[in-house]
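Trainee: Here's the letter readout for the chains.
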Amino acid sequence: MSDSQVVSNQVVVHGAAEGAHHEHLPYQRHHFETYAQQSDATNFAMWLFLITEVMFFGGLFTAYLIMRNWYYPAFVEASHQLNIFWGTANTAVLITSSFTMAMAVWSAEMKKKGTLLLCLTITFILGLVFLGIKTIEYGEKIEKHHVPGFHYSMQSFLNPQSDPEVYKEYKDKPLSYDMARHTELYFFLYFAMTGMHALHMIIGIGILVFMIFRARAGAYTTGHVTFVENFGLYWHFVDIIWIYLFPLLYLISRHQ
Amino acid sequence: MSPLHDKNFESIEQHEHHHHIVSPRIYLTIVCILLAMTGLTVAASYVEMYVFNAVVALAIAAFKMILVVLFFMHVKYSTKLTKLTVGAGVFTFLILVGMTLSDYWTRAWGRW
Amino acid sequence: MSTATIVSLPDQSTARIPRMNFMSKEKGILSWLLTGDHKRIAMLYLVSITFFFFIGGALAGLIRLELLTPQSDLMATDTYNKVFSMHGIIMIFFFLVPSVPATIGNFVIPMMVGAKDLALPKVNLLSWYLYMVGGILMIYTMCVGGVDTGWTFTTPLSTHYLNTNVASAATAVFVAGFSSILTGLNFIVTIHKMRCPGMTWFRLPLFVWSNYAGALLMVLGTPVLAITLVLVVLERTVHIGVFDPNYGGDPLLFQHLFWFYSHPAVYIMILPGMGVISETISTFSRKRVFGYTAVAFSSVAIAVFAFFVWAHHMFIMGISNYSMLVFSLLTMLVAVPSAIKIFNWAFTLYKGSITFETPMLYTFGFMGLFTIGGLTGVFLASSGTDIHLTETYFIVAHFHFVMVGGMLMAFLAGIHFWWPKMTGRMYPEKISQLAALITFIGFNLTFFPQFILGTLGMPRRYAAYPPEFQVLNVFSTAGATILGVGYLLPILYLTWSLKYGEIAGDNPWQATGLEWQTQSPPLTENFPAIPIMDHEAYDYEWLEGQKEKVASVG
Numbered sequence: 001m002s003d004s005q006v007v008s009n010q011v012v013v014h015g016a017a018e019g020a021h022h023e024h025l026p027y028q029r030h031h032f033e034t035y036a037q038q039s040d041a042t043n044f045a046m047w048l049f050l051i052t053e054v055m056f057f058g059g060l061f062t063a064y065l066i067m068r069n070w071y072y073p074a075f076v077e078a079s080h081q082l083n084i085f086w087g088t089a090n091t092a093v094l095i096t097s098s099f100t101m102a103m104a105v106w107s108a109e110m111k112k113k114g115t116l117l118l119c120l121t122i123t124f125i126l127g128l129v130f131l132g133i134k135t136i137e138y139g140e141k142i143e144k145h146h147v148p149g150f151h152y153s154m155q156s157f158l159n160p161q162s163d164p165e166v167y168k169e170y171k172d173k174p175l176s177y178d179m180a181r182h183t184e185l186y187f188f189l190y191f192a193m194t195g196m197h198a199l200h201m202i203i204g205i206g207i208l209v210f211m212i213f214r215a216r217a218g219a220y221t222t223g224h225v226t227f228v229e230n231f232g233l234y235w236h237f238v239d240i241i242w243i244y245l246f247p248l249l250y251l252i253s254r255h256q
Numbered sequence: 257m258s259p260l261h262d263k264n265f266e267s268i269e270q271h272e273h274h275h276h277i278v279s280p281r282i283y284l285t286i287v288c289i290l291l292a293m294t295g296l297t298v299a300a301s302y303v304e305m306y307v308f309n310a311v312v313a314l315a316i317a318a319f320k321m322i323l324v325v326l327f328f329m330h331v332k333y334s335t336k337l338t339k340l341t342v343g344a345g346v347f348t349f350l351i352l353v354g355m356t357l358s359d360y361w362t363r364a365w366g367r368w
Numbered sequence: 369m370s371t372a373t374i375v376s377l378p379d380q381s382t383a384r385i386p387r388m389n390f391m392s393k394e395k396g397i398l399s400w401l402l403t404g405d406h407k408r409i410a411m412l413y414l415v416s417i418t419f420f421f422f423i424g425g426a427l428a429g430l431i432r433l434e435l436l437t438p439q440s441d442l443m444a445t446d447t448y449n450k451v452f453s454m455h456g457i458i459m460i461f462f463f464l465v466p467s468v469p470a471t472i473g474n475f476v477i478p479m480m481v482g483a484k485d486l487a488l489p490k491v492n493l494l495s496w497y498l499y500m501v502g503g504i505l506m507i508y509t510m511c512v513g514g515v516d517t518g519w520t521f522t523t524p525l526s527t528h529y530l531n532t533n534v535a536s537a538a539t540a541v542f543v544a545g546f547s548s549i550l551t552g553l554n555f556i557v558t559i560h561k562m563r564c565p566g567m568t569w570f571r572l573p574l575f576v577w578s579n580y581a582g583a584l585l586m587v588l589g590t591p592v593l594a595i596t597l598v599l600v601v602l603e604r605t606v607h608i609g610v611f612d613p614n615y616g617g618d619p620l621l622f623q624h625l626f627w628f629y630s631h632p633a634v635y636i637m638i639l640p641g642m643g644v645i646s647e648t649i650s651t652f653s654r655k656r657v658f659g660y661t662a663v664a665f666s667s668v669a670i671a672v673f674a675f676f677v678w679a680h681h682m683f684i685m686g687i688s689n690y691s692m693l694v695f696s697l698l699t700m701l702v703a704v705p706s707a708i709k710i711f712n713w714a715f716t717l718y719k720g721s722i723t724f725e726t727p728m729l730y731t732f733g734f735m736g737l738f739t740i741g742g743l744t745g746v747f748l749a750s751s752g753t754d755i756h757l758t759e760t761y762f763i764v765a766h767f768h769f770v771m772v773g774g775m776l777m778a779f780l781a782g783i784h785f786w787w788p789k790m791t792g793r794m795y796p797e798k799i800s801q802l803a804a805l806i807t808f809i810g811f812n813l814t815f816f817p818q819f820i821l822g823t824l825g826m827p828r829r830y831a832a833y834p835p836e837f838q839v840l841n842v843f844s845t846a847g848a849t850i851l852g853v854g855y856l857l858p859i860l861y862l863t864w865s866l867k868y869g870e871i872a873g874d875n876p877w878q879a880t881g882l883e884w885q886t887q888s889p890p891l892t893e894n895f896p897a898i899p900i901m902d903h904e905a906y907d908y909e910w911l912e913g914q915k916e917k918v919a920s921v922g
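Residue numbers (this note's numbering), protein chains in the order written: chain A, 1 to 256; chain B, 257 to 368; chain C, 369 to 922.
In case anyone wonders, no lab produced these hints; they're calculated from the structure. Heads up, the beta-carbon is just placed ideally off N, CA and C, and yes, glycines get one too. A hint or two may mislead.
To give a feel for the contact side, a few chain A residues facing chain B, derived at Cβ under 8 Å [said to hold, decoys possible]:
#, residue
1, T62
2, N69
3, V93
4, E109
5, G149
6, Y152
7, G206
8, V209
9, F210
10, F213
11, Y244
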């Protein structure tokens, strides 16, 4: 007699008593014993994914902190080139979108389909607004030749008075040639960090579109809120990255 | 003793915890604090605090992050495992930044 | 060698492979390419990593051929640079990192915890596809001329001074890295959330603990490699970056970020192998692993400490004296948990009933060779000696002892140990024991001379060397030839065994562990019903009790 038969004799009792656990809700995958196990596991999986993202951005933050420490004057003056109005607006936009996303999760939990659709749509729109503002900002950088590696111009830093808009605000002193070269490093980090962040926003917005269609079909208001919940975690994470990017890139020192 | 009641039997049963739903009032309070903190950090950048500019900015950012993590991401109402996971991520990030920076900051110490 | 054996096979005249098993359940190529079954994915991985192992091995053969003579006469030095770079990249990222976790781990871990599958089957399949995409990109890189930065992509060589295919190689590794992250993520979720009733953490087989620790490293470390490679590729395309001294960047920053992953990577590679050793040493001594708790906690300790020691790869690169001191001290500490494991395994052997089946031969090989490799690591942890030994063949010998003498032997031990479970068939014992012996002899002949070469001063990554080093190099190449035979044999006889091997039955090794209490090959859903774990790990008395139950019922 093989061992597997011994096992199955043992577990017959278990099978009968556990009958209740084996009724499968339509959205429960078969390798999970209960729906609660499934939503626990997928939630935990999303958190693990987020900590991989923390380490992913971590490399960029490390590089940034070292370079800022080494070339503080260059970083200060280069950061003055970023428009504080747009930056603050974008921060407010993202924080609000985090709020609407949290409300979306609440709506799904409360099975309110209309509110869910509204919240998801507003989150989506706010995400687009963020990207729109970023496009404007990137456009400004391109115009002023502040894109590293593409006809980068140090004029605004060697001779700040040649840039009247910014000079009016901050009355920066001219940088030495060496220090002015390091501004290109600042912009490399600016584009790398905000670019990586924007990529994550774009992916998030894409998933939001998918979710809006699924929400319309009633997928998230029947008690199965895992997808919305886990996406919410992702969206909040992207918000947190910006919460750090904003002061580090825009607010190094703005006193006159 | 049936395995279902054995104290060692934990894996499936532990997932039956109640699902805490955070109220919109809390979300509204948090978003208002976050927006206020944003204004504060912008204002602070216009004040000359020398090395403390960076400290204040990072402190405000950390505070905002903690609010988002605890309330928007529900970590305040989550299992110990979730809290441990967040902690592990933050800890490893701090090791990366801290130990790398410590090399850079000590290079000027020269020969011993 | 004793002829005693614990192998217990069913009567071959009547035994059959169970008709219903995970391989027979569905037919057709799509049922394999779109599978969610962790066992099928493990088999897909097994085939792919074997393929890449042989490419990496061929490259190793080319290296050893070149080093037969002091001149760079077989190939140009540039070509030699490409050969060792590709050898390193393929062996590390496309063989060693996925070897035990993605093949054996994927297959066995759900069964060991008493689950029907891993927590995220689709993510599991995605991880295999990412591995294949990375692998294809790597082959493409080889075909269009390879990369010659070394597997370490050191800046500013990789960002500035080379016109080889750094970007495509970096992308290949980037993609393979995500494959690794997803495997690790899946393991962590499964081990936390899918344990069957009664399966507490301390009843888990130590293989699970080791893979759990390795998975933690995969999840937390690999993303840093990913962003570092992105920065290298960006710098190559934009011609300015944080590693570029012309603009004030620091090439050493690359090394900090690179080694922050790549040191934990070596533990990602060895921990699952250590998990295999825990299983085989217990089974072939018929004794529970001595100091279960110590072995379990030391796995996690290795994972935690792994993050604190990376700059020992950079002692001569320009880090501060303070960093040298701190990292040297911490590296000494990280050796301790590994040593604890070796002690515990040795004490498992003491007063055990030891038999010498093939997995045990590889296990003994591991014990000796990993110990030598690990001890030489302590020489390197001391920054004073490291200054002389780094970038020499001493380093090459050190890491080959731990990775090949250690990890690869553990992988082969595991493949042979779980082969009957995966395929339902036994491999031929005599020829496999011979192959293990050939591998052991070949390995020592190949790599031991390299320790001597290193202390005598032969630098690594050089195609040409001073003539006084030739004799030892010839020994090394001779050993490599023997080693090649030792690695080729398993491919041949394992493939042979698929059709002609003896039927293994459920538990040919009389092993404990849930995976051995069900049929070979297993059902798609692993168990007829979710088991309940009511005994401790490595409980051989429980196993005896099971046999008595069978006898009394029958």
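Trainee: Evaluate each hint against the coordinates.
Mentor: Here is what the structure says about each hint:
1. T62: Holds, because the Cβ-Cβ distance from T62/A to chain B comes to roughly 5 Å (cut-off 8 Å).
2. N69: Because about 7 Å separates N69/A from the closest Cβ in chain B, which is inside the 8 Å limit, the hint holds.
3. V93: violated (11 Å)
4. E109: holds (5 Å)
5. G149: violated (25 Å)
6. Y152: violated (25 Å)
7. G206: This interface hint is violated because 21 Å lies over the 8 Å limit.
8. V209: Violated. Min distance 21 Å.
9. F210: violated (21 Å)
10. F213: Since the shortest Cβ distance to chain B is 24 Å, the answer is violated.
11. Y244: holds (5 Å)
In terms of the numbered hints stated before, the structure departs from hints 3, 5, 6, 7, 8, 9 and 10, listed from lowest to highest.
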